[in-house]
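Q: Could you build all of it, start to finish, from the sequences and the hints given here?
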Amino acid sequence: MKDIMRIKCLISTEMESLLNQQIRKEAQSSSIYLAMASWCDRNGFDGSSVYFFKQAEEERQHQLRFFKYVLDMGATAISPDVSGIKIEYNSFREVFEDALDQEISVTQSIKNIAALCHKEQDYVTMEFLNWFLKEQREEEHKARRALELFEVIGEEGTGRWQIDKHVGDIKYDSEA
Amino acid sequence: MQATETICIKPSITEVFSTASGAVYQCDKDNCWYIDFAGKVNRFDYRCLHKLRKAVYHIDVEALLLNPKRSADMEIVFICACDHTYILTTLEIIALKELLQGTFTMLELNHIIYDRLHRLAV
Ligand SMILES: [Fe+2]
Ligand SMILES: [Fe+2]
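For the protein sequence lines, the chains are R and Y, in the order given. Following my numbering, the numbering of the first sequence begins with 17 at its first residue and continues without gaps. Following my numbering, the numbering of the second sequence begins with 464 at its first residue and continues without gaps.
No lab work stands behind these hints, which were simulated from the structure alone. Note that the structure is a prediction, hence the values are computed from the model and not measured. Wrong hints could be hidden among the right ones.
Computed spacing ranges between beta-carbons, pair by pair [as the list claims (entries may be wrong)]:
| no. | chain 1 | residue 1 | chain 2 | residue 2 | range |
| --- | --- | --- | --- | --- | --- |
| 1 | R | N146 | Y | T482 | 39 to 49 Å |
| 2 | R | A192 | Y | S484 | 57 to 67 Å |
| 3 | R | R109 | Y | L580 | 55 to 65 Å |
| 4 | Y | A483 | R | Q77 | 46 to 56 Å |
| 5 | R | S121 | Y | E478 | 43 to 53 Å |
| 6 | R | Q124 | Y | T482 | 38 to 48 Å |
| 7 | R | G90 | Y | L580 | 46 to 56 Å |
| 8 | Y | R579 | R | K24 | 15 to 25 Å |
| 9 | Y | H581 | R | S121 | 37 to 47 Å |
The beta-carbon is built from N, C-alpha and C at its ideal position, and this holds for glycine as well.
A: Encoded structure:
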């Protein structure tokens with residue numbers, strides 16, 4: 017008996033559904049960052065608003081990257097519905113705390129997919145995923161650095177204004 | 464004199480899984496499956512078989528059984544862009560679910576065997 021399933025599709029159904037979950041997760045991230053950009057803009061934090069607009073765009077690219085991979089492998093990519101995105105934040109700092117939380121949860125779910133890759137010996141998806149693992153290193157680093165500005169600069173006086181000015185300068189350029 | 468011709472037909476249809484209420488066959492020639500269930504035999508290609516599985520797995524049998532408001536014990540399994548529709552009783556749904564679960568387990572097993580044996584570099 018031929019292995020028709022394998023002829024038609026490279027990834028398992030379990031992998032397919034996990035990748036579709038990740039597509040939703042990236043779309044959610046994009047929406048969350050957009051909401052953060054909106055909040056920052058409304059509250060006079062222009063620098064941070066620009067920063068979050070850029071993040072939202074990046075997350076959209078991540079979503080598409082997963083989306084195309086699923087299709088390329090012969091599986092079904094599902095356009096996700098995203099709802100329940102927070103609009104209001106209690107403080108400038110809370111925005112950055114949420115941003116880091118979001119990145120950590122994305123890293124976790126990518127690690128989850130990696131675990132399934134190893135379980136299934138799906139080295140093709142693993143190789144695809146490597147880009148994201150490296151990307152998460154950068155994403156978490158940036159989010160952590162941004163939050164650290166609150167400690168380094170402090171929120172008193174013109175502190176928040178300073179923080180907002182410096183958020184855009186955060187870079188991660190590790191050769192490792 | 465007449466030459467006797469021997470026609471060799473390589474069987475391309477294999478039974479994948481069967482239960483008391485139905486059976487699924489795979490056709491290697493056409494890359495499709497035939498599902499013998501509820502008194503008819505339907506042909507499914509790769510996409511449609513997946514859609515059927517999704518549709519059937521999604522039916523909440525427990526909710527059907529517990530719902531007192533249901534007047535007729537009938538459920539329609541409609542698959543988008545596929546020629547076949549099933550109109551089934553709750554018992555038939557349970558039977559179809561069982562048939563599909565067995566089928567996909569066998570297909571998965573076949574895949575593992577292929578992966579471990581046939582696809583090894585010689
Ligand atoms: Fe991302
Ligand atoms: Fe991210």
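Q: Compare the structure with each hint and give your call.
A: A quick look at each hint next to the structure:
no.: 1; hint: R:N146 / Y:T482: 39 to 49 Å; result: holds, 43 Å
no.: 2; hint: R:A192 / Y:S484: 57 to 67 Å; result: holds, 59 Å
no.: 3; hint: R:R109 / Y:L580: 55 to 65 Å; result: holds, 58 Å
no.: 4; hint: Y:A483 / R:Q77: 46 to 56 Å; result: holds, 52 Å
no.: 5; hint: R:S121 / Y:E478: 43 to 53 Å; result: holds, 46 Å
no.: 6; hint: R:Q124 / Y:T482: 38 to 48 Å; result: holds, 40 Å
no.: 7; hint: R:G90 / Y:L580: 46 to 56 Å; result: violated, 22 Å
no.: 8; hint: Y:R579 / R:K24: 15 to 25 Å; result: holds, 20 Å
no.: 9; hint: Y:H581 / R:S121: 37 to 47 Å; result: holds, 40 Å
The earlier numbered hint that this structure contradicts is number 7, and it is the only one.
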